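Here's the letter readout for the chains.
Number of protein chains: 4
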Amino acid sequence: MPAEETEPTVVSYSYLGPAGTFTEAALKQVPDAAGKTWHAVNNVGEALADVVSGRSTAAMIAMENSVEGGVSATQDALAKMPGLRIIGEYLVPVRFELVARPGTVLADVRTINAHPVAYAQCGSWLNATLPGHGHIPASSNVAAAATLLHGSLADAAIAPIGITEHYPLEVLATDIGDNNNAVTRFVLVSRSRVIPAPTGADKTSLIVELPDDVSGSLLGMLEQFSTRGVNLSLIESRPIGDALGRYRFIIDADGHINDERMADALLGLRRFSPNVLFLGSYPRADKQTIEFTSRYDDAIFVEARQWLDGLLDPTA
Amino acid sequence: MPAEETEPTVVSYSYLGPAGTFTEAALKQVPDAAGKTWHAVNNVGEALADVVSGRSTAAMIAMENSVEGGVSATQDALAKMPGLRIIGEYLVPVRFELVARPGTVLADVRTINAHPVAYAQCGSWLNATLPGHGHIPASSNVAAAATLLHGSLADAAIAPIGITEHYPLEVLATDIGDNNNAVTRFVLVSRSRVIPAPTGADKTSLIVELPDDVSGSLLGMLEQFSTRGVNLSLIESRPIGDALGRYRFIIDADGHINDERMADALLGLRRFSPNVLFLGSYPRADKQTIEFTSRYDDAIFVEARQWLDGLLDPTA
Amino acid sequence: MPAEETEPTVVSYSYLGPAGTFTEAALKQVPDAAGKTWHAVNNVGEALADVVSGRSTAAMIAMENSVEGGVSATQDALAKMPGLRIIGEYLVPVRFELVARPGTVLADVRTINAHPVAYAQCGSWLNATLPGHGHIPASSNVAAAATLLHGSLADAAIAPIGITEHYPLEVLATDIGDNNNAVTRFVLVSRSRVIPAPTGADKTSLIVELPDDVSGSLLGMLEQFSTRGVNLSLIESRPIGDALGRYRFIIDADGHINDERMADALLGLRRFSPNVLFLGSYPRADKQTIEFTSRYDDAIFVEARQWLDGLLDPTA
Amino acid sequence: MPAEETEPTVVSYSYLGPAGTFTEAALKQVPDAAGKTWHAVNNVGEALADVVSGRSTAAMIAMENSVEGGVSATQDALAKMPGLRIIGEYLVPVRFELVARPGTVLADVRTINAHPVAYAQCGSWLNATLPGHGHIPASSNVAAAATLLHGSLADAAIAPIGITEHYPLEVLATDIGDNNNAVTRFVLVSRSRVIPAPTGADKTSLIVELPDDVSGSLLGMLEQFSTRGVNLSLIESRPIGDALGRYRFIIDADGHINDERMADALLGLRRFSPNVLFLGSYPRADKQTIEFTSRYDDAIFVEARQWLDGLLDPTA
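Chains as they are written, first to last, in the working numbering: chain A, 1193 to 1508; chain B, 1193 to 1508; chain C, 1193 to 1508; chain D, 1193 to 1508.
Among these hints, one or two may not hold up.
[As the list claims (entries may be wrong)] Footprint (simulated), chain D over chain C, 3 or more residues, beta carbon under 8 angstroms: (1) 1415-1422; (2) 1443-1455; (3) 1460-1467; (4) 1490-1499.
Simulated from the structure, these hints should not be mistaken for laboratory data.
None of the values given here were measured: they were computed from a predicted structure.
The beta-carbon is built from N, C-alpha and C at its ideal position, and this holds for glycine as well.
For reference, chain A alone in the conformation it holds in the complex (with noise of 0.2 angstroms):
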């Protein structure tokens, strides 16, 4: 089988720019995107639409956020554009400090530009640092920053760790988040319809609305993972947005499309639910291998499926 029927072909990449922004970081971690051309865009939209329309092969996009939870512009976008598909996973440490144009000290911040996300990581260090500072929201804290340098009314910006890379700013304070262990997931999204191959160590990410009301059905819906024994390690539920009450979930399945209970658990799932969106089967990006019972094993699978066909068919 040649390699471009086993493996989706990337040859141009979108990403959130500009340079120095966490997702940045997540595409480089990417071995194939080394020496590939990079589209740097403003938002998680437009990346996605770079692949719908082809302009580019894949988009690096934040998934999910340990701190602030499901990137909502993201999931919302998934379930929205058709075709796209998840074919890999990585993770970024999400770690902050606070930039100011040369000769700023921290006793003269009064207003600090950053991203909302940001900027509600950062809340304890805020309040206990700089408690009468004002907040502008900005759409990207590398934008923050680098405007910093050109007429920001802000006296300082929150920006990624290693900004100073790329802008002649100042780090005023540094690893000022909450939480030191704070990450970020990234999904490298492509329109390819090829499947990464399993490697034990997957991950299936869906998207899945449920009939009628949504305590019932959202048991129901869970019993379908349950009776095969697949684990979910991602559930999160976003507003349809046509009436209060009615949700999707994003949801994350320890395993692959190939292994049979995940592909048992698929069928049950798309006969359950009034609409399934399949977004990958791929390697996790911690590259934990999946534990289940034996009882869920392959093997047993196919026996029992050798053993009905030799009950409808008693002359095989």
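Chain A is already provided as a structure; the job is to place chains B, C and D on it using the hints.
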């Protein structure tokens, strides 16, 4: 397709005799049995052994009695004799009379000969009418009646209504059973691997063993049916017999193995259980069409499989 | 608290006699029974009726047999006779011998007298050793043995090992049962409302009817136990008897009604089921301490109740 | 009982200001708030801090938005600030208009100032009508509108319908939201321990953490509700924030803590979960009476408790 491939071929029948038994009444309900060879045998084990050995092509056996419950001997015999299949179901009303030698009157009756099950089913009437009587257990009620004429020590016998068509006995009291709606369910058993065609009003019979602990695994077993929308009309436990607390379950599930939801439940069951015995799919005696929610329609299963196939092979 | 309030007081016992039965062997295991009045009776119903009427203060009855399963008559009698409670559990090994009148040799045996259950339990040995024999059903094995000396038409009888201590018979073969580990479980039943104190190795016996449809409601019933961490050591179905497909369930649950998790499961069960019969909490015969996860500890239940009370009455 | 004991007493209110916000519209729905002191604050955290500190006796905060889902900041603040209780619920239709300085026409608009959520909610209209526009994020829509008159760099702002009652601006387009049925759900929060009396149309809000693994324990948590017949109208996940894959769940359950089935579900939940936060029971904004099957009636719970008490204390 020739008829012999779509329906099991039966040319000779074994049944619990002699003439006059409820089992004979069940066999009389089988149109195809008219004019064929009938073997009257002494017990269920013998009837099934006739089928296993090929002496008969089918046997009519009692499966469930609305008063006395699952006929344990039948359930155990089916569990232990490999290769048997149920191909039909028949219901016979269970009505008893007290019979005696001509000239006997009710006031003379001191000792009653009766099969223990029939004796138990007439307990209220007997205790009220003949408070001081004794009971001699018989291996069958017809035998109890017949031996009244050949040296029985008993004064009377409990027998199926209609027994006086076969033996010159007198009826002392009729309809003496505690429950006038009592019914016995019989099944016709053969060795044929051919499954009767689905009719929409079918039943699938199974014997299932549970893995390890009873309470958790019984829940897990029941979920195999409930998550596929398959209802059970019978579930009875029988000890496996090797140790206290180990059970097999005798199950009748609504639907036919050719129904997608049933086939999928059987797959789940086979994966779950250390031992599943498929006893057959066959038309229900009551001809009641199976009701199920449209979510479990065949088309839903087919569509889900096509969807999964499309994901697994994007070139297809 | 005086002793008579913490433990049921028993002064006379009924049991299935005569001397030599397994039931007598069970009663011999009860230390308090030594030197008290013992009434040998003819069947389980009579033994329980003695307790209901006050003739005896307790009755020893067979409850479960590892080979033949729940003793239907016992289960049905307990379900129908109100006010009975189980206060103790006893295990008796089930071992049989073939006995005959002195002078008989094995080769002479044509006809065997035996209770149908015992007869079934010795089936393998009998079919191998005496292939052409006939069976005369007896109401009890001891009676079968005893009547060999008083006009029985049989050549031999199946009896409990030890029968020759009571009757001048000869043993033709010993340990003829199919399963050398067979055990019968007996329970001591009284009318006392006093529940034996918890020992940490207790069992709670129940008879439960299900609402409407069997499969869904059986799941719902089992969840009452599983959501409180209560394991079941026995669950058997018995037809209620008014119509096909209607069952009651005989249940033994691990633990004592004084355990918080058991009390809460009973509450849930009582709300769920149209009919719950509490048969008692009593020490297990095997004295095996009940294992359960610490999540279901008494302290957890008490703390939750205090938390709820605090919410409901903020002034407390 | 004096009124102050049966209903929380509120004398001053904090809300997200300034005049013209949706939050103000919600507060106007509270009859008791008329004529009391209102504090306009800058964000949800400030509003809740006012309540915690005692500056206000209640705060009106946005809880759920049918388009954008759970308001993360509110959910997280409630999870982290101890002692807060929801005492009322209010719904406000979410309708937007595009406003500008007098004299501006739609064709002039290059840059739009808007809160990111409002901006997202008007995405379809904006992309279709003003394809090349830029977005400046604002901390609130009313602020965006107000600053148009005080040096804003933007040409227009997205604001709640009605904003021109407060500011001399011109409406360029109205009802520009993607979803005309969009509604925001607000709740009134106080420190009072007094729970509003049940009305039959109540809601109970909770924040619940799960033990260990997500999928199995989410099932176990949902069963605490389903086995007591309690339906959920909202279940949303929020990361706890200490590690990827750890969640708390924001739950709205149908019914009142004074309902037996809800109280019992709370007990089960408290035993199950390492952390349950009771946010209150209060009348639903939609006044829709809670439906539940009669099996979960208060009387059923009371009867079961009496039955258990009778078993536990036979002398009572």
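Going back to the hint list, which numbers does this structure go against? none
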